[in-house]
Amino acid sequence: MKSYVAQRLGIALLTLVGMSMVIFALLRLAPGDIVDILFSTAGYVNESDKQALLRELGMDRPYWVQYVDWMRQILTGDLGKSYRYDIPAWEIIRPLLPVTIELAILSIIVAVVLGVPTGVISAVRQDTTLDYVLRVVSLAGLSMPSFWLGMVIILGMVSWLGWIPPMTYVKPTENFRAHAIQFALPALAVGYRSSALIMRITRSSLLEVMREDYIRTAWAKGQAERVVIWHHALKNAILPVVTVIGIEFAFLIGGLVVTETVFNLPGVARFLVQAILWRDYPIVQNLVMFIAIVVILSNLFVDMLYGVLDPRVRYGS
Amino acid sequence: MAARPVGVPVDLVVVGAPARPGWATTLGRFIRRKPLGAAGGVIMLAMLVTAVLAPWLQTHDPIATDAAYTLGRPNADHWLGTDHLGRDIYSRIVHGAWVSLVVGTGSTLLGSVLGGIIGLLSAYVGGKTDLITQRLLDILQGLPLLVLALVMSASLGPSVRNVIIAISIPIIPRASRVIRASVLSIREMQYVEAARALGVRHLRTAFRHILPNTIGPFIVLCTAQLGSAILVEATLSFLGMGVPEPYPSWGRMLSVSAAEYAQKAPHLVLFPGIAISLAVFGSNLLGDALRDTLDPRLRGSR
Numbered sequence: 011m012k013s014y015v016a017q018r019l020g021i022a023l024l025t026l027v028g029m030s031m032v033i034f035a036l037l038r039l040a041p042g043d044i045v046d047i048l049f050s051t052a053g054y055v056n057e058s059d060k061q062a063l064l065r066e067l068g069m070d071r072p073y074w075v076q077y078v079d080w081m082r083q084i085l086t087g088d089l090g091k092s093y094r095y096d097i098p099a100w101e102i103i104r105p106l107l108p109v110t111i112e113l114a115i116l117s118i119i120v121a122v123v124l125g126v127p128t129g130v131i132s133a134v135r136q137d138t139t140l141d142y143v144l145r146v147v148s149l150a151g152l153s154m155p156s157f158w159l160g161m162v163i164i165l166g167m168v169s170w171l172g173w174i175p176p177m178t179y180v181k182p183t184e185n186f187r188a189h190a191i192q193f194a195l196p197a198l199a200v201g202y203r204s205s206a207l208i209m210r211i212t213r214s215s216l217l218e219v220m221r222e223d224y225i226r227t228a229w230a231k232g233q234a235e236r237v238v239i240w241h242h243a244l245k246n247a248i249l250p251v252v253t254v255i256g257i258e259f260a261f262l263i264g265g266l267v268v269t270e271t272v273f274n275l276p277g278v279a280r281f282l283v284q285a286i287l288w289r290d291y292p293i294v295q296n297l298v299m300f301i302a303i304v305v306i307l308s309n310l311f312v313d314m315l316y317g318v319l320d321p322r323v324r325y326g327s
Numbered sequence: 565m566a567a568r569p570v571g572v573p574v575d576l577v578v579v580g581a582p583a584r585p586g587w588a589t590t591l592g593r594f595i596r597r598k599p600l601g602a603a604g605g606v607i608m609l610a611m612l613v614t615a616v617l618a619p620w621l622q623t624h625d626p627i628a629t630d631a632a633y634t635l636g637r638p639n640a641d642h643w644l645g646t647d648h649l650g651r652d653i654y655s656r657i658v659h660g661a662w663v664s665l666v667v668g669t670g671s672t673l674l675g676s677v678l679g680g681i682i683g684l685l686s687a688y689v690g691g692k693t694d695l696i697t698q699r700l701l702d703i704l705q706g707l708p709l710l711v712l713a714l715v716m717s718a719s720l721g722p723s724v725r726n727v728i729i730a731i732s733i734p735i736i737p738r739a740s741r742v743i744r745a746s747v748l749s750i751r752e753m754q755y756v757e758a759a760r761a762l763g764v765r766h767l768r769t770a771f772r773h774i775l776p777n778t779i780g781p782f783i784v785l786c787t788a789q790l791g792s793a794i795l796v797e798a799t800l801s802f803l804g805m806g807v808p809e810p811y812p813s814w815g816r817m818l819s820v821s822a823a824e825y826a827q828k829a830p831h832l833v834l835f836p837g838i839a840i841s842l843a844v845f846g847s848n849l850l851g852d853a854l855r856d857t858l859d860p861r862l863r864g865s866r
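So the sequence lines, in the order shown, correspond to chains A and B. Start counting at 1 in the first sequence, then tack on 10, and there's your number in the numbering used here. Start counting at 1 in the second sequence, then tack on 564, and there's your number in the numbering used here.
Next up, chain B with everything else stripped away, as it sits in the complex (with noise of 0.2 Å):
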């Protein structure tokens, strides 16, 4: 325990709080309550290793083409083959997981801080104001998310830029709806009704006071974002619609240049969607055990 603060009587010390637990407490408590979402949480950290140390990982540089060595099976040399112009898929997997990643986690943190920023607002001013904006919303989630993501990218021509752009629009109303969902709650508590009658002003009180306490949630909704984004961001760069050349992207991979050629090379296939799928695997594992563990509307219904 902690030495008494000078000057206090020792009948004032507090005894019995318990301390919070530490971060490598609370890590330790995750990986044995929630196997899974452990699991997913490495199978994204690995993503994100592989992602930084490319570079240091790949063993051919990955858009030099071999036309001496096309659709290579699997060998000591390529270790997953090559592809139609004789580039190595391993090489290109490994550099794949930047882009999906930087793709994916930008498009799920534009449109989540967007989404949320409108949610909070929303809810946090009310009546009209917060119908019609949900209407708004309503009317934006109305549209299948690829078809969006589609049409915005097809509007916006292929950059990695727009991609990201175009995700992220699909994703804002459902972020909104999250966060306007905890901001209602948290608005009617009785320390933001503190807040204001000591005279902080509304903006103040919604970022400062208000903003803080959906974190919780915020994360929870990023996890799940993730995995979709990078899906979206792997089917757009199949119908060509996504990341340009000469960014090797999971998704571009596997379009219809593949197709062609699946029958003869199937690794042409097989390897980038199981990047895809783990990856998607990974963050859908994850988002789901922290929603358990962080959202305490769902805690313990499990």
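With the rest of the complex left out, here is chain A (with noise of 0.2 Å):
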């Protein structure tokens, strides 16, 4: 167990690294530089202003030191200053934290609350009429885009109930109840459209396994069909499972971007979309960064629940 975990951080770790030299690249891409894009979106150049600028943002000298010293930045914990608002990026992103964080776990246990289940059920009942409406459901719920599920929840409740959720953001100290509805129905939006995903990985993985030796000596010795497909198939059926949620929380955090818009919540997520707009780049850069340790965070995680769950991994080569 000990070298499967180091094996993984050192992938993890060298990955990470990778991420953060593709945003870098990523970044400067574009036609002419960053400076160029704040000038014309003010509307004058001024040639001496242009060079003040690139030298207070360091972009006057080479690639590979802006890189280091990103990187040193990173390190340090420092984020660099927002543009726009003038102050360290920590301290406009902290406060947005805990919303994104509690919106994407609420959103992860919407999906396998209603993902699991339909894809055991669509499983055991293949190719009925029920399999067939599930999968339907659940593919639907793959092709709406969430920030259009989300605003069609907006209108359904102000059209049929007369009631408007709330739309500016709620703390839960001051009102526990506005708090939770107004979480309720975007991690709704997000978790149905994730949810799809993860139940048809648990409908094939399940159908893979009911065909084993061990799920027909199961049935012969005349094991109740409950505990047939919840504790013997589910048991072996749920690693692939695991890792989808893993990859899925990636996707989530795609999701979240236009999902935090709609419904005005003042996420991570929402305000990267406005750094994205408003040029803010040391932001955009530490943001996506931000993103990537998260994501090498849950494939980590999922990796080492892997090998907790399958000692097969472990001792794999």
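Treat the hints with caution; some may be incorrect.
With a cut-off of at most 20 Å between alpha-carbon atoms, the simulated DMTMM-like pairs for lysine to aspartate or glutamate come out as follows [said to hold, decoys possible]:
(1) K598/B to D137/A
(2) K12/A to D320/A
(3) K598/B to D856/B
(4) K598/B to D320/A
Label-pair restraints from in silico Cβ distances [unchecked claim]:
(5) L64/A to R725/B: 24 to 30 Å
(6) E235/A to V689/B: 46 to 52 Å
(7) R725/B to V78/A: 32 to 38 Å
(8) V689/B to G20/A: 21 to 27 Å
(9) W240/A to A610/B: 41 to 47 Å
(10) R71/A to R760/B: 46 to 52 Å
(11) H648/B to K60/A: 35 to 41 Å
(12) V75/A to T634/B: 50 to 56 Å
(13) H648/B to K245/A: 50 to 56 Å
(14) W240/A to S723/B: 39 to 45 Å
(15) Y633/B to D88/A: 52 to 58 Å
With the C-beta cut set under 7 Å, the calculated list includes, among others, these residues of chain B facing chain A [said to hold, decoys possible]:
(16) I627
(17) A718
(18) T799
(19) A826
(20) Q827
(21) V833
(22) G837
(23) S841
(24) L858
The set of hints was computed from the structure by calculation and includes no laboratory data. Just so it is clear, CB atoms sit at the ideal spot from N, CA and C, and this is done for glycine as well.
Join the two chains, each given in its own frame, into one complex according to the hints.
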């Protein structure tokens, strides 16, 4: 197990370094540099102002120096300074974190609660009408943009219930009920979408396991259907599902970008969109890096969980 | 049965070789066995027809504004109502199909072809090259698709071409992985060995002998990616990072301005969203059915 953990950690670290290079390169792909874009949006160009800004941002230095400098900043926990607010980035990001984390966790819970049982039912009742209905419903979830689903939910609330969900952020300490409702709706919109993938993987993985000999033995012993499926089969079928939940976490962050915008929640994802729109590149670079770290940590966590759940993984090459 | 070739003895004519079923038979069988997939195909076909015939299907100029009739409810003149600038929503949706399809197929093909070539060469060469390429693609795949497309699109600037490039980048690692897996198994086949033994050069072996056999997974990959590409385009446009004005894009029709008027005019939100969902749903249905039919590993395990 020790060498397994060490190996996974090593890969995660390498991937992280690689990602930082990709992000660094992507943001410098643009024709012209950040300062050009800033000036073109501002609508005037003054060569000496431009040079001053380039120097201030440290962009007159070679790329590798900039990269090393950025890495040093990140390692020391200094996330740079926002252009627009002229205050340290971390001070803006910190209060936004709990919102996004809460929403992400709620969404994953919704996705698992919706996805796993429907996947099991769909597999057990394979090729029945129920199976078809569940599959179409889940595929529909995969097809609807989550931001649109969010808008439709709000619209439905307003026109059928005549009630507008709170559209400005309410702290849980202020009014817990309003806070819960405010988070339940977007979590439902994002979770439904993510549940589709979980449902599909659960279904196909369970179908595969159900054909194994030990399941036939369990049936032959006269074990109840409930025990065979939920105890014997699901235990082995759940491994790919765990992987998908890990992958889904990364997708989910993408989904949050728009959902936070639609539901007007002050989270990191919405802030990323705003920072991009304002061309606040130091922030964008750090936020994307932050997302990359979260994704890698969640992958690492899944790898570890895999090692715990399945002894074969631990001892495998 | 075809006439016996002159000069071939009777006992040498191959008898009983099953005729390859024609495409009509294959299509008929597909419709019978995969009704959902066929439904998806019909949706995609309808979208294609709408996109191509948009100038004839429109009832109004999609970008003409009408200050006298803003946020109009659906009626006989404006079938799906008008938006906050008085533009006809039906005509905008019809033209939006073209934008959606061009960006969707463009980015899917670009990403799949680039990724496919990388996957092909990586698997064919193998060894350290393969290992390093795969790790690099892992890195690219680690970032959420939307975040990557968002950053790309912001850094390239808004235009149809740049949106296509931005959406195609996240597709590359996914495509490369699929093609690589199928090349790895094809590479070991005897006919490839035979080609090499005959002195066929490496590049020719890879592109002429191996590549054609990856067409099945390639088609499956493209249909599956098309749905998500359309979705990403809609999302980018929704956030104001996608296809620029004046092109009518479904995603931009839903953007912040639509949300503002949603209460007064729900049709502003409903119809473009239904169009996006239907298009993505169609390509997902078709992709699923094609995967079941064309991917031998999954055949029968449904």
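Could you see if the CB distance from H648/B to K60/A stays within 35 to 41 Å?
holds (38 Å)
Against chain A, is G837/B within 7 Å by beta-carbon distance?
holds (4 Å)
Verify the CB-CB distance for Y633/B and D88/A against the hinted window 52 to 58 Å.
holds (55 Å)
Beta-carbon spacing of V689/B to G20/A - inside the hinted bounds 21 to 27 Å or not:
Because 25 Å falls inside the window, the suggested range holds.
With 7 Å as the cut and Cβ atoms as the points, is L858/B at the interface with chain A?
violated (17 Å)
Quick check on the hint: Q827/B CB to chain A CB, less than 7 Å?
holds (6 Å)
When you take the CB atoms of R725/B and V78/A, is the distance between them in 32 to 38 Å?
holds (34 Å)
S723/B and W240/A - C-beta distance against the hinted 39 to 45 Å:
violated (53 Å)
With chain A as the partner, please determine if A718/B meets the hint condition of a C-beta pair closer than 7 Å.
Check passed: Cβ of A718/B comes within 5 Å of chain A, closer than 7 Å.
So, A826/B near chain A? Judge it on the closest CB pair being under 7 Å.
holds (6 Å)
When the nearest CB of chain A is found for V833/B, is that gap smaller than 7 Å?
This hint holds: V833/B lies near chain A, its Cβ roughly 5 Å from the closest one there, short of 7 Å.
CA of K12/A to CA of D320/A, is that 20 Å or under?
holds (15 Å)
Hint violations for this structure: numbers 4, 14, 16, 24, all remaining hints satisfied.
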